[in-house]
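Undergrad: Each chain is listed here by its residues.
There are 2 protein chains.
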Amino acid sequence: MKAIILGVGNELISGQTVDTNSAYLSRELGRRGIETLRHETVGDETAAIAGALSRAAAEAEIVLVTGGLGPTADDVTRYGLASVMGAELQLDGQCLREIEDFFQRRGKKMVLANRVQAMIPRGAEPMANAAGTAPGIVATLDGAEVFVMPGVPYEMRDMFESSVLPRLPAGDGVIVHHIVHTFGMGESDVGERIEDLMRAEGEVTIGTTVSEGMVSVRIIASAETIEVADRQVDDAVRKIRSRLGEVVVSEGDETMGEVIGKSLKDRRETLATAESCTGGMIGEMITAVPGSSEYYLGGAITYANEVKLQMLGVEKTDLEAHGAVSEQVAAAMARGCRERFGSDWAIGVTGIAGPTGQSPDKPLGLVYIALAGEGTTDVHRHVFGGSREIVRRRAALSALNHLRLAML
Amino acid sequence: MKAIILGVGNELISGQTVDTNSAYLSRELGRRGIETLRHETVGDETAAIAGALSRAAAEAEIVLVTGGLGPTADDVTRYGLASVMGAELQLDGQCLREIEDFFQRRGKKMVLANRVQAMIPRGAEPMANAAGTAPGIVATLDGAEVFVMPGVPYEMRDMFESSVLPRLPAGDGVIVHHIVHTFGMGESDVGERIEDLMRAEGEVTIGTTVSEGMVSVRIIASAETIEVADRQVDDAVRKIRSRLGEVVVSEGDETMGEVIGKSLKDRRETLATAESCTGGMIGEMITAVPGSSEYYLGGAITYANEVKLQMLGVEKTDLEAHGAVSEQVAAAMARGCRERFGSDWAIGVTGIAGPTGQSPDKPLGLVYIALAGEGTTDVHRHVFGGSREIVRRRAALSALNHLRLAML
Chain E
43 MKAIILGVGN ELISGQTVDT NSAYLSRELG RRGIETLRHE TVGDETAAIA GALSRAAAEA
103 EIVLVTGGLG PTADDVTRYG LASVMGAELQ LDGQCLREIE DFFQRRGKKM VLANRVQAMI
163 PRGAEPMANA AGTAPGIVAT LDGAEVFVMP GVPYEMRDMF ESSVLPRLPA GDGVIVHHIV
223 HTFGMGESDV GERIEDLMRA EGEVTIGTTV SEGMVSVRII ASAETIEVAD RQVDDAVRKI
283 RSRLGEVVVS EGDETMGEVI GKSLKDRRET LATAESCTGG MIGEMITAVP GSSEYYLGGA
343 ITYANEVKLQ MLGVEKTDLE AHGAVSEQVA AAMARGCRER FGSDWAIGVT GIAGPTGQSP
403 DKPLGLVYIA LAGEGTTDVH RHVFGGSREI VRRRAALSAL NHLRLAML
Chain Z
43 MKAIILGVGN ELISGQTVDT NSAYLSRELG RRGIETLRHE TVGDETAAIA GALSRAAAEA
103 EIVLVTGGLG PTADDVTRYG LASVMGAELQ LDGQCLREIE DFFQRRGKKM VLANRVQAMI
163 PRGAEPMANA AGTAPGIVAT LDGAEVFVMP GVPYEMRDMF ESSVLPRLPA GDGVIVHHIV
223 HTFGMGESDV GERIEDLMRA EGEVTIGTTV SEGMVSVRII ASAETIEVAD RQVDDAVRKI
283 RSRLGEVVVS EGDETMGEVI GKSLKDRRET LATAESCTGG MIGEMITAVP GSSEYYLGGA
343 ITYANEVKLQ MLGVEKTDLE AHGAVSEQVA AAMARGCRER FGSDWAIGVT GIAGPTGQSP
403 DKPLGLVYIA LAGEGTTDVH RHVFGGSREI VRRRAALSAL NHLRLAML
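One line per chain: the protein sequences are E and Z, in this order. Numbering of the first sequence is given in the numbering used here, commencing with residue 43 and proceeding in unit increments. Numbering of the second sequence is given in the numbering used here, commencing with residue 43 and proceeding in unit increments.
Treat the hints as calculated values from the structure; they're not laboratory data. Backbone N, C-alpha and C define an ideal beta-carbon position, used for all residues, glycine too. Treat each hint with caution, since some may be false.
Label-pair ranges, simulated between beta-carbon atoms [to be verified]: (1) E/E130 x Z/A89: 43 to 51 Å; (2) Z/F145 x E/E369: 42 to 50 Å; (3) E/G228 x Z/E362: 49 to 57 Å.
Partial pick of chain E residues on the chain Z-facing surface, computed with a CB cut under 10 Å [said to hold, decoys possible]: (4) S64; (5) T78; (6) Y121; (7) M152; (8) Q159.
Just chain E, same shape as in the assembly:
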């Protein structure tokens, strides 16, 4: 079973937007044993869309299309599909009612332009869109099943999971992808510890990638059945974990925030945060997890020095003697935070995210991370490389990682 994935949009072929939909869809198809032959991306032009659709339908059994279903004049995917099907567009009454309902639920007025989103080629069927207005379209073309979805990633994913997946035929065997995330060790170090696993020939392929400051180990297993592939993945994970030890943070979609959350819940302990250079990013990562109110009490974003004194009880003498970016102030922030919020754990972070603010003895990227617990406060000094964004992200992840290690 082969698939071809088409992206439609001028923003894609002009390079203004990076296409993430095709990679997502390939992964999802792979998990069901359906191999992707190729990705193709064309602009918002009826003839180009029709040409790509007819080539794809001739080569593959499944064609997934994303983009060009919006209400505006530049969205012409439905015209391309109708043209290659040799069918006219007609208004689907059920579709129109769903679009009207969508606007009514939000208390918004539906404009005339949205009516075009209920136009479906004769012989094709609409697919409901729970996350937005544009319904999808499913059609048969040259013996291939064609699924047209919106280009907005969360609408596309929602429709793929709820409407496309149940209609997909079963593939040949299965391909299972898995990923193990680590933190605190460089990619070449990680690679060296699992080099023999990466070189081994067989049904399991192992490689490393770096993304957003975490080094991850990718595992791909292909087998006849899901049980065999899962067992191959489990074997590989066990070996990788034994080589890498406590730098392994999580697997799959699990985030650092979720790992911390689980540990805190298990221990029935609570956390509060005091952030300077990360400006709320640590709180944001923690509260991205549903149910985080069970263990996260809250935090102080103490950007101005005055606020560090007032909200956290940092001593003016410490600020004056050592500066805001210092071991002493980080420790005082964490201790003050723990005391004022009444939490079991508190994190204090202060640093120089850049691009300015450094001094001879305090380089750009210098960050002190303090962790206050029952009776102890540990301070870690880091110097992170990279842009302001990268320094902040690494600082936030490192802070959570210190807490993770302390709870092991």
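Assemble the complex: chain E is given as a structure, and chain Z must be docked to it using the hints.
TA: For chain Z alone, coordinates are given in the frame of chain E:
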């Protein structure tokens, strides 16, 4: 002058890696007046690569290929190119010496596998790779210029800039991209107000896209000279701004956080934040901007109710009578925050981000946003759709947008 961009790699068509090379190359070509017809991505298979190359060379004058030049057995782009050229591969002596030099400079041993990287189809030429081992290849195929570059993004960019750009023919004039970001109006509403501009035939193409909760208007101008294209863009921006008024937030790369920052600096005013459901995201957006310490004093992340009382002085009676997600509590959070931080403005946000926590009269996605200024506190009620992540992001952007509008 038209181009087609081909990506080669199993990691791309399996979805393990998102292709960012094609978007980069499209942008670079566009800046030189060369239009990209389509992107295509195929796996590491000689026949698939040859097929894609021959289709592309028949349709476009320029074909840019990335990936599949490595030393391992799965890298077969050179074989695909040789096969479609009907030419045999031959060892290029100069190339081989450069690869040997590369290893010597790094003090590493060159393995035999790396010799294959010096194999070039007869009639083609190598392109030096300063950043890695794999030399590129330039060839003429069916009247098209074909440039083959490595897949590793930084090696590809280096080779594109140093070796491909100087060999690219001049395009037909220039293409300039620009983007205008809006917030607070749906895509169909925005589209309706500029429908005639979007439909107009001419040198300027205008379209809309939605990304991370913002609706953006894209402008593409093509002209003989950069001056003419820039003037076309300026004209289009003026028209778009006059149609859309105050929903226009910014242009180009400027973020909502930067717009807020500029206004606050101009007014010499300060801001503090009190966040519940957004958990620090608003602070994070504000402090992503270098120099934000000039106007941002800090914030309170008041996740637990107890913390709302203690840190912001919210009244227990308000919490009990109206609940934490209420107009009254949002207003009290903003007022308390403004008073305790001593800022000119304060934002208070409380809501139900989901996926649980709703009640019959308080649906998922319900968010109250309060803005406290000199003598006034305004509260806005929103019901956002989408996942926890999307509700939080929309709430954070809306909060900043209310502040932006209040400062207009």
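Undergrad: Each of the hints needs a verdict: does it hold here or not?
TA: Verification of the supplied hints:
1. E/E130 x Z/A89: 43 to 51 Å: violated (38 Å)
2. Z/F145 x E/E369: 42 to 50 Å: holds (43 Å)
3. E/G228 x Z/E362: 49 to 57 Å: holds (53 Å)
4. S64: It holds, given that the least Cβ distance between E/S64 and chain Z is near 7 Å, below 10 Å.
5. T78: holds (5 Å)
6. Y121: violated (14 Å)
7. M152: holds (8 Å)
8. Q159: Because about 9 Å separates E/Q159 from the closest Cβ in chain Z, which is inside the 10 Å limit, the hint holds.
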